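Once you've looked at the hints, dock chain B against the given chain A.
As they're listed, the protein sequences go chains A and B.
If you're matching positions, the first sequence starts at 227 in our numbering and goes up one per residue.
If you're matching positions, the second sequence starts at 85 in our numbering and goes up one per residue.
For the record, the hints were derived by calculation from the structure and aren't laboratory data.
Certain hints may be false.
What the hints assert, rightly or not - Interface residues of chain A toward chain B, partial, derived using beta-carbon atoms under 10 Å:
no.: 1; residue: Leu-271
no.: 2; residue: Pro-287
no.: 3; residue: Phe-291
no.: 4; residue: Ala-293
no.: 5; residue: Phe-300
no.: 6; residue: Glu-328
Every value quoted in this text rests on a predicted model; they were computed, and no experiment measured them.
Even glycine gets a Cβ: it sits at the ideal position worked out from N, Cα and C.
Residue strings, one per chain:
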Amino acid sequence: DAGVIQSPRHEVTEMGQEVTLRCKPISGHDYLFWYRQTMMRGLELLIYFNNNVPIDDSGMPEDRFSAKMPNASFSTLKIQPSEPRDSAVYFCASTSSGSGYEQYFGPGTRLTVT
Amino acid sequence: AQSVTQLDSQVPVFEEAPVELRCNYSSSVSVYLFWYVQYPNQGLQLLLKYLSGSTLVESINGFEAEFNKSQTSFHLRKPSVHISDTAEYFCAVSREGGKLIFGQGTELSVKP
Chain A
227 DAGVIQSPRH EVTEMGQEVT LRCKPISGHD YLFWYRQTMM RGLELLIYFN
277 NNVPIDDSGM PEDRFSAKMP NASFSTLKIQ PSEPRDSAVY FCASTSSGSG
327 YEQYFGPGTR LTVT
Chain B
85 AQSVTQLDSQ VPVFEEAPVE LRCNYSSSVS VYLFWYVQYP NQGLQLLLKY
135 LSGSTLVESI NGFEAEFNKS QTSFHLRKPS VHISDTAEYF CAVSREGGKL
185 IFGQGTELSV KP
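Next comes chain B alone, as it looks inside the complex:
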């Protein structure tokens, strides 16, 4: 069975510092990988995704994630965070069939 583990439930960080949100998954078959972001009182929005090809994927607001097949990881990074990045971040895995398996979420808190 597939599962997703987000290793940190909360990550506090100061503004302009780098951040890494960790995600590991378990699956014996090829998967699609996603990071979603949820701002307070809103629904989930796709941040970035890996389907195939280059293992490094980027979002429009400076986040990037690298698919590491040998480590079964898909960690999310940003070199310099802003107050507006404060949100909950969810890692998810999917295989054919449309169903997503979500991690428990990581609450990123950016402090001035």
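The following block holds chain A by itself, in its conformation from the complex:
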């Protein structure tokens, strides 16, 4: 398996622009997680899905952030409009209930908002 795939790996955008981050989980996994990592706040869980349904979005910072999972093999995290304080590394991870909930992380998307 190719592991969790994220795109793009790097994104530089201007404040006010829309940003879309993409994730393909490992085939067969029924949980998908979006995290954000910064030096100041460490690793934060933003939202997670089970069987394509959002279960807990309490970590989503504000209405500018939205996430979707239209099918079992694809998820997006969208920021509209973006702000400089959104600059961070965004990770996607997936797992299955049959694996003891060991999460497999993607390589991350490094977002810079200028």
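Frame of chain A; chain B shown alone:
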């Protein structure tokens, strides 16, 4: 509510010395415990995990961790570290439902 505390934010150590990275968790129910490692500019990788059974778990590169239920701890140890072990290490706890609660991370710096 569950929480994870990593007692040291930074641990500097010389090569070939032993190291212990400390992790305590709070939970009133059975949990699964994990250590993840993050090398610079990479994602997190699972280092080892405790689900059940033997309280001592080992990784393929010489790390081990012991689940201590009475102390609610899951400390990570290695008897002799290498330069290549320099990374950030995260302790995490999960119960049924798939969600992981991560500690703040410990930066291990191995010096020659």
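Against the structure, the hints come out as follows:
1. Given hint, Leu-271/A at the interface with chain B, holds; its Cβ is 7 Å from that chain's nearest Cβ, closer than 10 Å.
2. Hint status for Pro-287/A relative to chain B: violated, with the closest Cβ pair at about 17 Å, above 10 Å.
3. Given hint, Phe-291/A at the interface with chain B, is violated; its Cβ is 18 Å from that chain's nearest Cβ, farther than 10 Å.
4. Hint status for Ala-293/A: violated, given a least beta-carbon distance of 15 Å to chain B, over 10 Å.
5. A least Cβ separation of about 18 Å between Phe-300/A and chain B goes past the 10 Å threshold, and the interface hint is therefore violated.
6. The interface hint given for Glu-328/A is met, as the beta carbon of that residue sits about 6 Å from the closest beta carbon of chain B, less than 10 Å.
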